[in-house]
Amino acid sequence: MRTAATSPPLAEVIPLSFSDHTVLLVDDNLDLQESMSFDFRRKGFKVLFANNGTDALATLKKEKISLVISDMHMPEGNGSWLLAEMKALLAEPPPLIFVTGSFDAREMEKRHPQVKVLPKLFDRKELMSTALAAIGLS
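Here the sequence shown is numbered in the numbering used here, starting from 1 and rising by one per residue.
To be clear, the hints were calculated from the coordinates, so they are not data collected in a lab. Here the structure is a predicted model, which is why all the values come from computation and not from measurement. Even glycine gets a Cβ: it sits at the ideal position worked out from N, Cα and C. Hints should not be assumed to be uniformly reliable.
With a cut-off of at most 30 Å between alpha-carbon atoms, the simulated DSBU-like pairs for lysine-lysine come out as follows [said to hold, decoys possible]:
hint: 1; residue 1: K120; residue 2: K87
hint: 2; residue 1: K120; residue 2: K61
hint: 3; residue 1: K61; residue 2: K87
hint: 4; residue 1: K120; residue 2: K46
hint: 5; residue 1: K46; residue 2: K62
hint: 6; residue 1: K46; residue 2: K125
hint: 7; residue 1: K46; residue 2: K61
hint: 8; residue 1: K87; residue 2: K110
hint: 9; residue 1: K120; residue 2: K64
hint: 10; residue 1: K125; residue 2: K87
hint: 11; residue 1: K64; residue 2: K125
hint: 12; residue 1: K110; residue 2: K61
hint: 13; residue 1: K120; residue 2: K62
Computed spacing ranges between beta-carbons, pair by pair [said to hold, decoys possible]:
hint: 14; residue 1: S35; residue 2: L132; range: 26 to 36 Å
hint: 15; residue 1: S17; residue 2: H73; range: 27 to 37 Å
hint: 16; residue 1: E34; residue 2: P119; range: 27 to 37 Å
Using the sequences and the hints, build the whole thing.
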């Protein structure tokens with residue numbers, strides 16, 4: 001029996017490997033992309049970026065993505081278009097979190113169970129907890 005002095009660190013007892021998961025951040029605001037990526041990178045997630053829905057779809061075709069976090073209003077493929085294309089292209093599309101000020105996104109959240117919506121002025125802890133829950137790691 002191990003004593004407290006010889007017990008392995010918690011990370012060895014309960015391994016949490018976020019490095020097996022890739023988050024795709026989709027936003028035409030590069031500063032916001034970088035801000036959102038900070039906590040995911042710190043936890044060990046692989047983070048990829050797309051500046052619009054068209055670029056995001058190209059990435060989704062090439063990479064195994066665990067979660068998409070996207071703005072709703074972007075040039076070259078907005079959030080609604082991206083969701084529709086993901087559903088058409090992928091047998092099992094990854095969960096999608098919209099970070100937006102758009103009221104339209106709230107309606108999408110009601111119609112699509114894999115979609116969550118957070119306000120554009122999000123709390124970083126709320127974003128992380130919503131993301132972890134969406135991919136089943138909470």
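Outcome of the hint check:
At roughly 24 Å between alpha-carbon atoms, K120 and K87 fall within 30 Å of each other, so this suggested pair holds. Pair hint K120 plus K61 holds up; C-alpha atoms about 27 Å apart against a cutoff of 30 Å. Only pairs whose Cα atoms come within 30 Å are accepted, and K61 paired with K87 is accepted, the gap being roughly 12 Å. Distance check on the hinted pair: K120 and K46 sit about 22 Å apart at the alpha-carbon level, within 30 Å; holds.
For the proposed pair K46 and K62, the alpha carbon gap of about 15 Å is at most 30 Å, so the pair holds. Restraint check for K46 and K125: the C-alpha separation of about 18 Å stays at or below 30 Å, so the hint holds. Of the supplied pair hints, the one linking K46 and K61 holds, its CA atoms being roughly 17 Å apart against a limit of 30 Å. Taking the CA atoms of K87 and K110, the gap is near 16 Å; set against the 30 Å cutoff, the hint holds.
Between K120 and K64 the alpha-carbon distance is near 26 Å, which keeps this suggested pair within the 30 Å criterion. With a CA separation close to 28 Å, the supplied pair K125 and K87 stays within the 30 Å bound. Proposed proximity of K64 and K125 is supported: the alpha carbons are some 25 Å apart, at most 30 Å. Between K110 and K61, the direct Cα distance comes to roughly 26 Å. Compliance with the 30 Å bound is thereby established for this hinted pair.
The straight-line distance between the Cα atoms of K120 and K62 is roughly 28 Å, inside the 30 Å bound, and the hint therefore holds. At about 18 Å, the CB distance of S35 to L132 disagrees with the hint of 26 to 36 Å. Evaluation of the 27 to 37 Å hint for S17 and H73 yields a pass: the beta carbon distance comes to about 34 Å. For the pair E34 and P119, the supplied restraint of 27 to 37 Å is violated, since their beta-carbon distance comes to about 19 Å.
The structure does not agree with the numbered hints 14 and 16 stated previously, though it agrees with the rest.
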